[in-house]
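**Student:** Residue strings, one per chain:
Protein chains: 2
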Amino acid sequence: MGSVTDVPLVRKTSTTLSDGRALHYFDDTEPYLSGRATRALHDPRPPSPRAAPGGLRWDARTGDWVTIASARMDRTHLPGPGENPLAPSTALRSTEIPAHDYDVVVFENRFPALPRCEVICYSSDPAATVGSLPARRMRTVIEAWADRTAVLGAADGVEQVFCFENRGVETGVTLTHPHGQIYAYPFVPREAATVLRRAREHRTATGGNLLRERMLGELDAGTRVVASGRHWAAYVPHAARWPVEVEVAPLRDVPDLCALDDDERAELAFLYPELMARLDRYFSTADGAPIPLPYIAAWYQAPTAADDGDFRLHLRIMSMRRSPDKLKYLAGSESAMGAWINDAVPEEIAARLREAAR
Amino acid sequence: MGSVTDVPLVRKTSTTLSDGRALHYFDDTEPYLSGRATRALHDPRPPSPRAAPGGLRWDARTGDWVTIASARMDRTHLPGPGENPLAPSTALRSTEIPAHDYDVVVFENRFPALPRCEVICYSSDPAATVGSLPARRMRTVIEAWADRTAVLGAADGVEQVFCFENRGVETGVTLTHPHGQIYAYPFVPREAATVLRRAREHRTATGGNLLRERMLGELDAGTRVVASGRHWAAYVPHAARWPVEVEVAPLRDVPDLCALDDDERAELAFLYPELMARLDRYFSTADGAPIPLPYIAAWYQAPTAADDGDFRLHLRIMSMRRSPDKLKYLAGSESAMGAWINDAVPEEIAARLREAAR
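For the protein sequence lines, the chains are A and B, in the order given.
Just so you know, the UniProt record's numbering puts 350 at position 350 of the first sequence, and the rest follows in order with no gaps.
Just so you know, the UniProt record's numbering puts 333 at position 333 of the second sequence, and the rest follows in order with no gaps.
Don't read these hints as lab results, they were simulated from the structure.
No residue lacks a Cβ here, since even glycine has one placed at the ideal position from N, Cα and C.
It is possible that part of the hints are untrue.
Claimed, not checked - Computed Cβ-Cβ distance ranges for the label pairs, DEER-style:
#, chain 1, residue 1, chain 2, residue 2, range
1, A, 357, B, 286, 48 to 58 angstroms
2, B, 292, A, 288, 30 to 40 angstroms
3, A, 323, B, 115, 45 to 55 angstroms
4, B, 134, A, 48, 29 to 39 angstroms
5, B, 326, A, 19, 48 to 58 angstroms
6, B, 92, A, 274, 51 to 61 angstroms
7, B, 132, A, 63, 54 to 64 angstroms
8, B, 156, A, 323, 30 to 40 angstroms
Said to hold, decoys possible - In silico EDC-like cross-links for lysine to aspartate or glutamate, where the CA-CA straight-line distance does not exceed 20 angstroms:
#, chain 1, residue 1, chain 2, residue 2
9, B, 326, A, 170
10, A, 326, A, 348
11, A, 326, A, 170
12, A, 326, B, 280
13, A, 326, A, 307
14, B, 326, B, 267
Said to hold, decoys possible - Residues from chain A that keep clear of chain B, each with C-beta distances beyond 10 angstroms, as calculated:
#, residue
15, 146
16, 204
17, 241
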């Protein structure tokens, strides 16, 4: 009927939805909102067949695995406010989350692209944004990311755990409730493989750590630094590809979110929402109203089998918005040839992000 | 004042626009529409400063070159019909093309991302589509592609010539006039580099040609074949990543468009518009009206320095349209991690493309 696990600072309560999918509450504040009442642990919906995850196909031309996931064609698309599946349940309506309120919750995606795809809700408030999360709640999100990275990363056949958020209809998001996703890939995806290969080449050639040198180089240059603390640095990379792009890296060599220590997690819990709030002030309308930025926020963690210390945790936040009324599209040069063209100058992106600090 | 060059089957006339950009007419039918009258060779517009091309930055994290092209922020965006810069000039209005009519024309882009970026207009008719081009005119487009590939590929510092077309506002196209683009990269872009590396690995491991075996494998399997002729095969790849995707390859080992012989060009001139017309019948509205498909059509040619015969010319046509009212977005998994998830089944895409034949 559910199990309670000690995770630092949060209470994790695990249960199972009526179709067999796992759900985990991460509660941070007493009286705990979820996990106490039976109704938080019991999904009253009738059991329904689970959608099959996609199948993998190998692309010999590029060496990539492609997931063919036809069942996802029918997934929920921009439901109205009365139909939000990520809101807490009420006496009248059962959603994906049986509890009547929650702090942070993670559960298996009903329309999985891969065998292990999870959804993480950052707040029970459908109108919340990550930029408005208090550090205490953001810390709970970080604890949940670290927990899922550890658990999924230890599962058979998982080679890469990817915590990310797509926000905005411009990224194809089908639900507006504040949430992210956690994918456990049964292969090392191309980007992680490329960064790992580059880091190993650099180690072989110079003996140094590519990603650490990159971060130190940005702090040293200073022109693209957006924020820096005792444990983290945020900067626009020298060769940024997106109209708005920020990279966030720990100062210490750390392979993944699980390896962050308490101080690092605490600082990140302040920095992450603060950066997101700046992004929401990046563009504004002619009369000064902020334009919430569509973005992809992506945590690059070491592949589960990469234990040589060359891969270093980093976050990239990327937006396709070029101006208040224009988007960047990934067309021929980017999508077909992999050659990125950025209309924005990285130093100017960084200056704008510094201005947007409060 | 302009030079006339013999290209098989077409007359090429080169001139210079008032700001110094090169323009080449490719005429195929007498009386030649352009290049005869002085006004076709003289741009009456006052000289204006040329926009600077972008600068390159090296991304050590991935090994990619990124182009930072801030001058492009001001480029022409969806002009009205009276302002189409790709239409022929009239007595009252001077466009990018001084001639009062033309068959096919190529000229340097006014807002270049790279030092060598060209625009190719497939027709002087702003409402034409590639799917409606007669084979004779398509042949002229092929001759123009081959000419530009040879000329640009021989220029100092050019490592890759890329002929492509982005169509539809969904791909970010800023002009609706039927046109494509030709980029001459001063580096080998990631996709071409990846395919070349894979082909060489395969040669080393097996002695065979990866891209030839891939094409023969598709013809042998048959389930994803869309069209095949005496010289070309068109198929949906086994691991297609896009909701609609077709690959077109010559049966003979050929590195690039210049190396195609007369018979191959002649067949391609029929096949290419025929496939494009099928794409325009792929989706239709509830009352049966066809929905023109947004797409990226991309020619993968051997990098200029790759003379070992492992790289084989192929075309990929990709669309982000998932259904009459839904698009695929390249979000976290694709854009950030390089792990593609396709909601469409390749065999079903191929079946639909076979049905769409007339």
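**Student:** So which of those numbered hints doesn't the model satisfy?
**Tutor:** 3, 4, 5, 7, 12, 13, 14 and 17
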